[in-house]
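Peer 1: Below, each chain spelled out in residue letters.
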Amino acid sequence: MTQNAPARKQQMADHTTPLIRNCWYVAALAGEIGRELKERTLLGKTVLMYRTQDGKPVIMQNRCPHRNFPLSKGRLDGDNVVCGYHGMNFNTQGQCVFMPSLPNAPTHARIASYPVAERGPLVWIWMGDPAKADPALIPQTPWLSDPGWKTVNGQFHVKTNYVAMHENLLDQTHFPILHAKTGIGTPQYSKSKMEVHVEGDVVHLYRSLLDSPPPDIYGVPMRLTDRNVDRYSDGYFASPALHYAHARIVNKEPREGEKEEYRFTITHIYTPETQGSIHYWWFNSRDCNLDDADADRFLLESSTTAYQEDVDALNWIQETVEKETEPFEELSFGPDRPGIAMRKILLRLANEEAMAAAPATQESAVAAPAVQQPAAA
Amino acid sequence: MTQNAPARKQQMADHTTPLIRNCWYVAALAGEIGRELKERTLLGKTVLMYRTQDGKPVIMQNRCPHRNFPLSKGRLDGDNVVCGYHGMNFNTQGQCVFMPSLPNAPTHARIASYPVAERGPLVWIWMGDPAKADPALIPQTPWLSDPGWKTVNGQFHVKTNYVAMHENLLDQTHFPILHAKTGIGTPQYSKSKMEVHVEGDVVHLYRSLLDSPPPDIYGVPMRLTDRNVDRYSDGYFASPALHYAHARIVNKEPREGEKEEYRFTITHIYTPETQGSIHYWWFNSRDCNLDDADADRFLLESSTTAYQEDVDALNWIQETVEKETEPFEELSFGPDRPGIAMRKILLRLANEEAMAAAPATQESAVAAPAVQQPAAA
Amino acid sequence: MTQNAPARKQQMADHTTPLIRNCWYVAALAGEIGRELKERTLLGKTVLMYRTQDGKPVIMQNRCPHRNFPLSKGRLDGDNVVCGYHGMNFNTQGQCVFMPSLPNAPTHARIASYPVAERGPLVWIWMGDPAKADPALIPQTPWLSDPGWKTVNGQFHVKTNYVAMHENLLDQTHFPILHAKTGIGTPQYSKSKMEVHVEGDVVHLYRSLLDSPPPDIYGVPMRLTDRNVDRYSDGYFASPALHYAHARIVNKEPREGEKEEYRFTITHIYTPETQGSIHYWWFNSRDCNLDDADADRFLLESSTTAYQEDVDALNWIQETVEKETEPFEELSFGPDRPGIAMRKILLRLANEEAMAAAPATQESAVAAPAVQQPAAA
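Residue numbers (the UniProt record's numbering), protein chains in the order written: chain A, 1 to 377; chain B, 1 to 377; chain C, 1 to 377.
Just chain A, same shape as in the assembly (with noise of 0.2 Å):
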């Protein structure tokens, strides 16, 4: 894999391949969308974010077709958006329904709207081909919104490529190296098999470690340091803006007040704010001790601990990358199949969307400004 060395043929994505734009991201949790309006960069577009009256969430392109004035820096009237220049009204589809400087509205000012699907605690984006934002395609992440679950979460803005993240977290044989002081994966763990499926565009791993002490990740909310367990796991890489993991775990003897079964689900959201930097969503879910404030905290912190020990690296991994100016061959090893493999999908689809798009950016790069006639002001 090089960089600045376009004219070789690549073998699979890296942090120069372009962003996927026809998949389900998350723009947001839930709850930063209200009825303030909110700016934020995802896939290098800069977009506005608000709520309607009746709570719907509405994400639009967030500059006026007019002079480019930025919308989030206007206000909401209703459920429409005011640019604060010369007032422009924006109904939720984009469509402009009046501004006061002419006397009807030039209804062929359009921004665009993008399909939303609020889940649970997030609101998806499709920020891709509209024709093709089909809700079914939206990842299914039900734990998060299920009341039999308690879930912890954080969040991140990491200065990299979102492709590096996600070979982060396919690849377990860094746990022991990185997460060293953290203790993530115990060393039975590490030693234990990995089967690796490619199905479509899934990355899925499996892993099982019998009879074993289950790592205090697990331990701890569980209440079952003191003893061995069974431990049946599974990551997948679902799509460009997700993968989750989850982790059954099965006491093999249970006490009084001791569950048989327990579960347990990671969520990593990555959201291209860039081609260099993420927003990264991550949530610690268990299906066990709901109420337990101190398994909570524990997760809390050793999960951000964790994590940030995963933005660093890749954060100075793109310092690096961006330091040197010439090409430079990575290596990839046994244990970098499942990254490969997601590497090569992500590769594909990009392909895949810049034939599609060619012919139809070149169509609009014709495209003449309209002028409406002048009113009579």
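Relax, there's no trap hidden among the hints.
Reference listing, derived: stretches of chain A covered by chain B, where coverage requires no fewer than 3 residues with Cβ under 8 Å from a Cβ of chain B:
hint, region
1, 43 to 55
2, 65 to 72
Which residues of chain A face chain B? A few of them, derived with a C-beta cut under 10 Å, are:
hint, residue
3, Asn62
4, Val82
5, Cys83
6, Gly84
7, His86
8, Gly87
9, Cys96
10, Met99
11, Pro100
12, Ser101
13, Leu102
14, Pro106
15, His108
16, Ala109
Simulated from the structure, these hints should not be mistaken for lab results.
Beta carbons are placed, not taken as given, at the ideal position from N, Cα and C, and that holds for glycine.
Given chain A, put chains B and C in place with the hints provided.
Peer 2: Relative to the frame of chain A, chains B and C by itself:
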């Protein structure tokens, strides 16, 4: 109008259009230039400004032709400037008259000394083809020096291209929206008919509003906030460097001690620092109540507040335009007619300069560096 | 000499000329390298520096060949360095000898371990073609380790290209101007005849000044400020990495306890960090009054002050050169002859390297990324 799409034929100037060089710009306020060497960047070039012992302003290229040392880090020697590196001494015409390490002055060593002209509080500069630097082309701004007028003024450094600033001034439909809090423009004024005249490279706006209450910016200094007046307004895009607006206000039934007619002139001076930043000076002048310190204070505060709103808006637009890299069309409407007329003038001027400059640039590119024979040191 | 005009044939090196790689540069002072991992950027490459348990300096490429993690964020394991991401373990030759996730070390995984050589207080590095890294090419600087000499030293990080710094040292006509306050160079010295010899890739200046008061930088440490001396000076552009100047001062009528002859050597070491920045170390050495702490203090202060003037000047020039984007000719004069000779040498060396490197680069560009077979993890 697109950005990042240079191949596409443009119909009017935008933030990517090359700056106009054959034009008188304001380099500085008269009071900014003295016997200290002062550096400023104008039209992308670093210049050196000072006054001779007789008080004449001198503006020269701020790089020594020998090893590029910024002359502003040197010192004055009478009317001449001395480079701080090797002591090359340049007269006010930019010709080297002495170099300590050479027996004879290298009189072929020259730097550009720009045509300048001081007019009241303004020092104008011509950075284009010197052969075209006709002082008769300097716009007249007599109200800035006439003792019958009183002026308050201020300045901004704006991180935006100057085209958008000029368009902002030619567009009065943003008054009730962007300036909603500061109350520039009354509702009646916004609805009054506007005439637009394009006269050569000048765009002239005319508007009258009869029997209507004056906005505070006129009413307070006239002390006529309690009644209706007739108001006649002219606005001029006078050159790439200057926009000014005259208001004549008729006091229909003057009481004792009041004038029958009041005049106001607001002057906006833009000098591109770079393609994406401006030196902006403004002046608010009146012909009434010249000694009214309260009026001065009111005008200073209200003007500063209102122009800050414009500056903020244009900064936000520039940020938005720079954030996204894809081409983007602007939509234009009837009220944009004056701005579009101005932008077509600027595009034509830029194209004319590009055609005139092309051969000259090629010639200079083949000139060999001059090397004088060694002196007996 | 033009900038931003790559098509024009250059006659001498300037700030745009590619850096010379086949050259011994100083990577660090000996005292800067120890058993901690230290990162530094040299010639545009990030390197890792440490010492083995035996105290030998090691300098290696600071990016793991696996996933570009900066090895300086890892740790030492005896004499080896361990990547902080997946634990790849490299010996001092840069060869991977262990990877925790693989059954056998991937011995084809290698990083560059640069030829280094410690000479007194200096650790030299060769970052060009390793086959040409002849230690005999390391410039001799015996005065820096000889117990008969006393040295004070300092360092700067300069935001300028190294060519202009070398030219500054070869040009003594700037002494009375740029260093007017610090009094480097006496008026008599400036007028003394200078011989310039170009010997291979070395530029040698020679100047003598008889029966003249010494400048304080020599007079104070000699304690001979009260009389005239004879002074013989040699300056050497010794390589892209090094400039040094020897002064021999003859005390014509030595009094009791005085020497007949005094020697001073000033050493300037430049290592390009990037195309536009330098690590700069200087050393002021004398063979007299070795225990004179007042002389040490005086030399440290006066040298720091004077070199800061050069550093400021070159920073300003680089800023000026970067501010304007149009091509700009440099004028050169007789006294610039040594600098021009040096700049022609640098241009020739750069051109030779470019021609030699061209085919090698193409080969590496077609190499496929190596993927080792999966290990039974």
